[in-house]
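> Now for the letters of each chain:
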Amino acid sequence: MTQTTTPQEDPAQVAAFEARIAAGESIEPKDWMPERYRKQLTRMMSQHAHSEIVGMLPEGNWITRAPSLRRKMSLIAKVQDEAGHGLYIYCGTETLGVDRHELVGQLLDGTAKYSSIFNYPTLSWADMGVIGWLVDGAAIVNQTVLAKASYGPYARAMIRICKEENFHKRQGYEICTVLANGTPAQKAMLQDAVNRFWWPSLMMFGPSDTDSPNSAELLKWRVKRKTNDELRQRFVNLTVPQAIALGITLPDPDLKHNPETGDWEFGEIDWSEFFEVIKGNGPCNRERLEARRKAHAEGEWVRAAASAYAAKHSARGAQVA
Amino acid sequence: MSDSQWPLWEVFTQGEKGVPHEHAGSVHAADAEQALQNARDVYARRGEAVSLWVVPSTAIVASAPSDAGPFFDPGNDKPYRHPQFYVAPRGVRMF
Numbered sequence: 001m002t003q004t005t006t007p008q009e010d011p012a013q014v015a016a017f018e019a020r021i022a023a024g025e026s027i028e029p030k031d032w033m034p035e036r037y038r039k040q041l042t043r044m045m046s047q048h049a050h051s052e053i054v055g056m057l058p059e060g061n062w063i064t065r066a067p068s069l070r071r072k073m074s075l076i077a078k079v080q081d082e083a084g085h086g087l088y089i090y091c092g093t094e095t096l097g098v099d100r101h102e103l104v105g106q107l108l109d110g111t112a113k114y115s116s117i118f119n120y121p122t123l124s125w126a127d128m129g130v131i132g133w134l135v136d137g138a139a140i141v142n143q144t145v146l147a148k149a150s151y152g153p154y155a156r157a158m159i160r161i162c163k164e165e166n167f168h169k170r171q172g173y174e175i176c177t178v179l180a181n182g183t184p185a186q187k188a189m190l191q192d193a194v195n196r197f198w199w200p201s202l203m204m205f206g207p208s209d210t211d212s213p214n215s216a217e218l219l220k221w222r223v224k225r226k227t228n229d230e231l232r233q234r235f236v237n238l239t240v241p242q243a244i245a246l247g248i249t250l251p252d253p254d255l256k257h258n259p260e261t262g263d264w265e266f267g268e269i270d271w272s273e274f275f276e277v278i279k280g281n282g283p284c285n286r287e288r289l290e291a292r293r294k295a296h297a298e299g300e301w302v303r304a305a306a307s308a309y310a311a312k313h314s315a316r317g318a319q320v321a
Numbered sequence: 001m002s003d004s005q006w007p008l009w010e011v012f013t014q015g016e017k018g019v020p021h022e023h024a025g026s027v028h029a030a031d032a033e034q035a036l037q038n039a040r041d042v043y044a045r046r047g048e049a050v051s052l053w054v055v056p057s058t059a060i061v062a063s064a065p066s067d068a069g070p071f072f073d074p075g076n077d078k079p080y081r082h083p084q085f086y087v088a089p090r091g092v093r094m095f
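Those protein sequences? They're chains A and B, same order as listed. In this text, residue positions in the first sequence follow the numbering used here: the first is 1, and each later residue adds one. In this text, residue positions in the second sequence follow the numbering used here: the first is 1, and each later residue adds one.
No wet-lab data here; the hints were simulated from the structure. Heads up, some of the hints might be wrong.
Stated by the list, open to error - Derived SDA-like pairs (lysine to any residue); straight-line CA-CA distance at most 20 Å: (1) A:LYS187 to A:ILE248; (2) A:LYS163 to B:VAL50; (3) A:LYS72 to A:ASN61; (4) A:LYS163 to B:VAL55; (5) A:LYS30 to A:GLN40; (6) A:LYS169 to A:VAL240; (7) A:LYS30 to B:ALA62; (8) A:LYS163 to B:ALA62; (9) A:LYS312 to B:PRO70; (10) A:LYS30 to B:PRO70; (11) A:LYS312 to B:GLY47; (12) A:LYS163 to B:GLY47; (13) A:LYS30 to B:HIS23; (14) A:LYS30 to B:GLN37; (15) A:LYS312 to B:GLN37; (16) A:LYS72 to B:ARG45; (17) A:LYS30 to B:ALA59; (18) A:LYS39 to A:LYS169; (19) A:LYS30 to B:PRO56.
With these hints in hand, go ahead and build the complete structure from the sequences.
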């Protein structure tokens, strides 16, 4: 799967395309691009959009049980943002010549992938804090770099998203801070959530570069600007001091600061868990897809009603004219 | 009907009074009214716009990237359209 051009593509055209990328130019929807670039972007962007949509489910789980009106308003706004982010990226993906309808179909029939993190359950209120802090924190690290991706519509969607993710992360960290300064039971609840979400958050950056089949090509075309391992290290370096400030521990006995590199070195990631979740065997994979299918089916009458209303009004408009 | 795919609309937002509308992205909607509402919910949740335009995507005609060179050429080969083309006497303050 390392083939970068299909035989019928003109090598001169490919070379000109790659020269534009190397010169830091932005590729726009109507520009010529290798089929493989289009395909890789469609795959990556639609997975990203699906992740935003499925990402609403673990948090939606706590809206009715938020501990205060303030927290409830924030959580509703955050979940609404995730829907918006999904739409920004679906809109960007459609500029590559694919219909959102088709992409949503791939999500619902289980052929499309989405971020492994959303297949973990949200068992306590502390999970809302930890997801905002760690999961949105990891997303920010990833998306800040994607905001410089070579494909214009993707980069522009990321810029929009990054602005909003900062609210997500801060509201999450605020929840963590309050719990960390709360009763022993609240502190224990926070520690338990961190213990469950720490490793899956590190896995969000994807397999190690040595095992990532798509990385080299995506880096060459500047869809990605940094490797999975570089981004993961950056996230760990940013996050460890935040964990220390909270007075909680991270569930990694091998975590230690290297004064020479400035990096927080971490232990071995259990990649077998990651690949199991990706394959569909995570704790909540089936539940998430069922929830999406149910929501889609139950929304059908709304879509049908809006279409009927539009048809009726355009018919009336035609009569008047 | 098992599902429906509404038409695509391009969304333009004006960030504040006095600046031009800029392309923000697109939404799917059954009609113009719904397109405006969807555009508001997707692209203006935090006061990003004081005005919105929605335009059916099919109504947009765009120049082709492959013709960009020759198409814009008439604008590039006329340096006498720029003030720098003209020489002003030394010491005279131009405005």
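> Each hint: holds or not?
Comparing the hints with the structure gives:
1. A:LYS187 to A:ILE248: Roughly 8 Å separates the two Cα atoms, so the pair holds.
2. A:LYS163 to B:VAL50: Judged against 20 Å, a Cα distance of about 19 Å means the pair holds.
3. A:LYS72 to A:ASN61: Holds - the C-alpha atoms of A:ASN61 and A:LYS72 are around 12 Å apart, at most 20 Å.
4. A:LYS163 to B:VAL55: violated, 26 Å
5. A:LYS30 to A:GLN40: holds, 17 Å
6. A:LYS169 to A:VAL240: holds, 15 Å
7. A:LYS30 to B:ALA62: Holds. A:LYS30 to B:ALA62 sits at ~9 Å (cutoff 20 Å).
8. A:LYS163 to B:ALA62: With Cα atoms ~30 Å apart, A:LYS163 and B:ALA62 exceed 20 Å; violated.
9. A:LYS312 to B:PRO70: Status violated; Cα separation ~46 Å.
10. A:LYS30 to B:PRO70: holds, 17 Å
11. A:LYS312 to B:GLY47: Violated, at roughly 33 Å.
12. A:LYS163 to B:GLY47: holds, 13 Å
13. A:LYS30 to B:HIS23: Holds, at about 16 Å.
14. A:LYS30 to B:GLN37: Distance ~28 Å between A:LYS30 and B:GLN37 Cα, so the pair is violated.
15. A:LYS312 to B:GLN37: Roughly 19 Å separates the two Cα atoms, so the pair holds.
16. A:LYS72 to B:ARG45: Cα-Cα ~17 Å, so holds.
17. A:LYS30 to B:ALA59: Given pair A:LYS30, B:ALA59 holds - Cα atoms ~16 Å apart, limit 20 Å.
18. A:LYS39 to A:LYS169: violated, 32 Å
19. A:LYS30 to B:PRO56: Distance of about 18 Å is within 20 Å: holds.
Of the numbered hints stated above, those contradicted by the structure are hints 4, 8, 9, 11, 14, 18, listed in ascending order.
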